[in-house]
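Participant: So the sequences go chain by chain: A and B.
For the first sequence, our numbering gives the first residue as 1, with consecutive numbering after it.
For the second sequence, our numbering gives the first residue as 1001, with consecutive numbering after it.
Some hints could be false.
[Unchecked claim] Within a straight-line C-alpha distance of at most 27 Å, the following computed DSS-like cross-link-like pairs (lysine-lysine) qualify: (1) B/K1034 <-> B/K1222; (2) B/K1235 <-> B/K1306; (3) B/K1227 <-> B/K1319; (4) B/K1306 <-> A/K107; (5) A/K107 <-> B/K1357; (6) B/K1034 <-> B/K1235.
[Unchecked claim] Here are a few chain B residues that face chain A, going by a calculated C-beta distance under 10 Å: (7) G1120; (8) Q1134; (9) F1135; (10) Y1158; (11) Y1178; (12) R1351; (13) G1376.
[To be verified] Stretch by stretch, here's where chain B covers chain A in the computed footprint (C-beta under 8 Å, at least three residues): (14) 23 to 31; (15) 57 to 66; (16) 69 to 81; (17) 108 to 119.
Just so you know, these hints were derived from the structure itself, not from any lab.
C-beta atoms are modelled at their ideal positions from N, C-alpha and C, and glycine is treated no differently.
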Amino acid sequence: MAERTIGFVGDAGSNPETKPYWDGCNAGKLMLTRCKDTGKVFTYPRGVSPFTLSANVEWFEAKGTGVLYSYSTMERANPPYTIAYVTLDEGTTMMTGITDTDASKLKIGQKVKVVFKDTETGQKVPFFTPA
Amino acid sequence: MSLKGAGYIVGAWEHPTRKATDKSVAQLHAECAKGALDDAGLTKDDVDGYFCAGDAPGMGPINMVDYMNLNVRHIDSTDIGGSSYQMLVGHALEAIQAGRCNVALITLAGRPRSEGQATGTAVRAGNPAQPDMQFEYPYGPVVANMYAMCAARHMYQYGTTSEQLAWIKVAASHHAQYNEHAMLRNVVTVEDVVNSPMVSTPLHRLDCCVISDGGGALIVTKPEIAKSLKRPLVKVIGVGEHPKGQFAGQVDLTYSGARWSGPAAFEMAGVKPSDIKYASIYDSFTITVLMQLEDLGFCEKGQGGKFVQDGNLISGQGKLPFNTDGGGLCSNHPANRGGITKIIEAVRQARGEAHPKVQVPNANLVLAHGTGGSLGTRHGSSTVILERE
């Protein structure tokens, strides 16, 4: 079965607010943002802290591991694909997809690790697979 | 000043169509407006406030006020998807109380069925300026899999089963058999639901609502005018609204914004969930109903599965009759927005005008709740509590 084409909207590099995230993906690194006022990590990345609205935000590289928070396999689609939320070891939960595994064997709570996949524009995006 | 009792719903009308290949969206809005005005015993010239949401074509009230040639002094088009209309009832009360209008018209209409929208399953690219868009679109988020992830997590955390979710569809189908306009009138069983094709795990085809054309409208007015009309008096005694998102990564898919909109409405109304005789609960999917019942306080969090099973939502059988028109699951989900039909059936129940087979005896206290947007990412919640005087 053919793999699903992964879509991407817009130009990843055109928004300075999130460019480090997309550059990180292309370099095989999952980059996260942390609010320096509170020390709290957040997703999706922003140039302002969602906890204080200050721009006192820093980028850092995540470990790239976490646990499966929830998932659903879209069986109506051809080919089927699995969307998910993963809670990273850094304590924040992000939307992602599960790849390179038999989705029928997935279990919420299981450990997963990041892999990067090409989208239709060439920009890479993070997916997860069982660790 | 509390909004309790600031307005009455004096007109409520649901378009009978479920497939409107021969009508425009604007025309459907206008036909719904006429239906609700006729129901109230008012005319378009009485309307001085107009309320609509994202389904209204063009720039919302600007284009629709012009199309219907209304002469209004107050407009509001705040859009929170399918739950906009419960919220707009609240906003109409605010406008009435502030003296900004006396007769508020709220309309909803759309024709996703005629237009062939794969509403729940097709991935649609949005504007990359929407701040979450690039971080979600690559993974194929659609309506069905977003709600399905809530169901999967609820099952994991609380032991909820597919069979329990199926009971919600079963109850809706029991009601829909009496609604001549319902799209799905066959009574189904738990086995029918869990054996229907999987759409997005763990939700089956029969866990999903219908896709229909149509619409509805409401007339909300101040007490003096309501009492001068000939319709049963249905007073708005509680309203609540609340958005919920991902909390910057502190995601919890097991509850909705009803956790806040519900208590706000109950507090204003001065009643509690156990007082409610009938509830219209937004039913885009079975899981939507289950989570909202918990969040509104009809049962403890996590106990929704036990609450809905064994026919507890079936009128004449269960403790909490719900969606006696068949709801979105079986009857109608016009414009992919089920909020207004929830209110309309609640008004029918409060007036004693529901189908005799599903009318709840002495339904003097009823609730209508909406969830709009995506339960799995970000959504609006809004609650209305009505009392028949």
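Participant: Against each hint, give a clear statement of whether it holds in the structure.
Facilitator: Consistency of the hints with the structure:
no., hint, result
1, B/K1034 <-> B/K1222, "holds, 19 Å"
2, B/K1235 <-> B/K1306, "violated, 32 Å"
3, B/K1227 <-> B/K1319, "violated, 32 Å"
4, B/K1306 <-> A/K107, "holds, 23 Å"
5, A/K107 <-> B/K1357, "violated, 44 Å"
6, B/K1034 <-> B/K1235, "holds, 21 Å"
7, G1120, "holds, 9 Å"
8, Q1134, "holds, 6 Å"
9, F1135, "holds, 4 Å"
10, Y1158, "violated, 12 Å"
11, Y1178, "violated, 31 Å"
12, R1351, "violated, 40 Å"
13, G1376, "holds, 8 Å"
14, 23 to 31, "violated (count 0)"
15, 57 to 66, "violated (count 0)"
16, 69 to 81, "holds (count 10)"
17, 108 to 119, "holds (count 3)"
Consistency with the previously given hints fails for numbers 2, 3, 5, 10, 11, 12, 14 and 15, ordered from lowest to highest.
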